[in-house]
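Protein chains: 2
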Amino acid sequence: MKFGGTSMAGTERIRRVAGIVKRQQEAGHEVAVVVSAMSGETDRLVTFCREANPLYDPAEYDVVVASGEQVTSGLLALHLQALGCKARSWLGWQLPIRTDEAHAKARIEEIDSAALLASMAAGEIAVIPGFQGLTADNRVTTLGRGGSDTSAVAVAAAVKADRCDIYTDVDGVYTTDPRIVAKARKLKSVTYEEMLELASVGSKVLQTRSVSLAMKENVRVQVLSSFIDESAPPADSLPGTMIVSDEELEGLDMERQLITGIAADKNEAKVILTRVPDRPGAVATIFSPLAEANINVDMIIQNVGREHTDTDVTFTVPASDLDRTKALLDAQQATIGFEKMTTDAKVAKISVVGVGMRSHAGVASTMFKALADRGINIQAISTSEIKVSVLIDADEVELAVRVLHTAYELDGA
Amino acid sequence: MKFGGTSMAGTERIRRVAGIVKRQQEAGHEVAVVVSAMSGETDRLVTFCREANPLYDPAEYDVVVASGEQVTSGLLALHLQALGCKARSWLGWQLPIRTDEAHAKARIEEIDSAALLASMAAGEIAVIPGFQGLTADNRVTTLGRGGSDTSAVAVAAAVKADRCDIYTDVDGVYTTDPRIVAKARKLKSVTYEEMLELASVGSKVLQTRSVSLAMKENVRVQVLSSFIDESAPPADSLPGTMIVSDEELEGLDMERQLITGIAADKNEAKVILTRVPDRPGAVATIFSPLAEANINVDMIIQNVGREHTDTDVTFTVPASDLDRTKALLDAQQATIGFEKMTTDAKVAKISVVGVGMRSHAGVASTMFKALADRGINIQAISTSEIKVSVLIDADEVELAVRVLHTAYELDGA
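So the sequences go chain by chain: A and B. Here the UniProt record's numbering is used: the first residue of the first sequence is 1, the next is one more, and so on. Here the UniProt record's numbering is used: the first residue of the second sequence is 1, the next is one more, and so on.
Since the hints were derived computationally from the structure, they do not count as laboratory data. Be aware that one or more of the hints could be misleading.
[Said to hold, decoys possible] From the derived model, a few chain B residues whose C-beta atoms are all more than 10 Å from chain A: (1) Ile272; (2) Ala284; (3) Lys340.
[What the hints assert, rightly or not] Pairwise CB distance ranges (calculated): (4) A:Phe287 <-> B:Thr11: 51 to 61 Å; (5) A:Gly84 <-> B:Asp112: 57 to 67 Å; (6) A:Gly19 <-> B:Asn294: 51 to 61 Å.
[To be verified] Rough simulated footprint, nothing fancy, chain A against chain B, three-plus residues with beta-carbon under 8 Å: (7) 59-65; (8) 73-85; (9) 354-363; (10) 380-391.
Beta carbons are placed, not taken as given, at the ideal position from N, Cα and C, and that holds for glycine.
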């Protein structure tokens, strides 16, 4: 079980979490719990680090910020004890959770589960601070923001858990954002690949890394709400959304649709370079400097000009990187040889996602037709095996999501 | 060097501490720094634990409250780095600082100084969170409130430091409380025994345990102010008060007075039991139940009655334990056989302290005469090798301290 910062923010909420955890133990499960810091605490600690030194040493930054999860893990153990459960905290260095040496964005390499399994077998609930780990030379690391989801999946893999339940402030994964489409339906299940596509295009339920890890380790992940009624039936009735492998999905949800969900991402910006010389290596001169600057280029479209001597190149970058992108390309204009650069931050990416489209043709054309029927102009297109994405005007994003939700027959009652 | 919570309370103050530490390194010293949590932080964390469970598990309490010092140790390392120093934090479990298993009030057993010495020899400033340690089975412990002073002395002993500088919010140890006697003088030096007597009778400069440890390990401790001018001469000129052994004291301070200081303690309460039967074991029936209840009895005076069949017994306990003391003795009235119990919380203990009194007679009589001359009534007397204490009315404490400060010729210019 994993609980985020909102669920751990203060005595009353931690007490509530303890109640939810206790019910799982009473239902016959051995339980390990991974916790985030109280919401706001990590920000407070990061601010202290920045004030100390804007170019802070990430090793010492990790010592400071890892303390937030240490506090909540001890407190949840105390709350569980107050409810009569046996419980103890296991800090990252105590298990240990071994990571690489990339401080402030470490990756988990190995979790020693021996002590954990012995403790759980003895009826103790194990409470583990998320987000933190230990290098080979015994220094504290953290996994980067949102890393507690990854901690939870890694612990679940290490103890070979039946399930990793991630309690969030939403009650599952929906066909699309319910704030945009009132008829959005909660999904019983999605595959890892679908969740990755949904996560990376703006559905902020789970950290992408945690889903990748779950896929790699084949951990069954359930997303569900931490604001459920504590007196409700135990979570074995799976009230949330299960994230599983392709194979398992068949058994869980026979009646699933061709398309699993529709995601919208407004944090994109479009860049058009006109009249780029059409010669070998020209495109590399555009994207190499961006890659070196760690700017993540997403959609790329190349329109060859009529005379086949030059082309227009359109691509998208995160809106927050647009200014840096412009500066880098302006500096390289002579080398690249483009005529003009135009940019537009008022764009949005809409994606339809579903493993079903592997075996069904016509998914993309349904999308294009539905949008055209409502006069929504498509500025760029990209596809993957289980996803079709289009770039449209940001003003039309809500309309487009609603139109597509209906077009793919996702609307609930 | 050790800095308390007031010195570590926020970015600006930690930056100031970093400057003081850097100046010591620039003066040619290898430096280890022990830090407390930001003032208020430990209270905040303790409150969370109490809210979780009033009868909290001290092992989990330790996990929670140890985080405060972890934060400040990382932050001080960052601030030192920002000033161009090499610095790193060493958490209690990283060195490790081994303690017994008495969670929330652990005692340090051993500090492995190998890594610390290697790091310091390489020019790195070692920053160590105070207050925390590690049991043999790798669980976090804390040393009890004020334990960071003890951590500092223990680290100084482990690395065989030339000196342990404890920065506090006073600039040294005075002949008496300067708020009571304007002419109180700062002492250049006191012995461990004197400091213990001064600390235990209300001079709250250092935690008693840290002084005991310094005496046992023969660590030279300097008390000085963390609010010194950073541009002042380096601390080698010893601006504070040195706490040293008897032997070393001679060399440091030839001109010292017979009496080192005068301490006042208002946190005492007096209990009088009248007509206790004068038979063997009678006194034990009074004090055994108090000892079992962990109530610390201080002064005890027994006045044998005129007929030698019963006696009056007067003693003092901490004022905070007076109600429990009354309840315990009331319950035992028949067993003890006293006639009446009277109590008085409006008393104060005045002590004159000095190693010089070992070789000088007349110290006590000077005290009694000076107080009598001003009409101050002595309610009880106790003495040790280097201390004479009297119990007086609490209203007369300031007057008594001033009278004695003059009588022992301690007044400064």
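Evaluated hints:
| no. | hint | in the structure |
| --- | --- | --- |
| 1 | Ile272 | 43 Å, holds |
| 2 | Ala284 | 39 Å, holds |
| 3 | Lys340 | 44 Å, holds |
| 4 | A:Phe287 <-> B:Thr11: 51 to 61 Å | 41 Å, violated |
| 5 | A:Gly84 <-> B:Asp112: 57 to 67 Å | 39 Å, violated |
| 6 | A:Gly19 <-> B:Asn294: 51 to 61 Å | 35 Å, violated |
| 7 | 59-65 | holds (count 6) |
| 8 | 73-85 | holds (count 8) |
| 9 | 354-363 | violated (count 0) |
| 10 | 380-391 | violated (count 0) |
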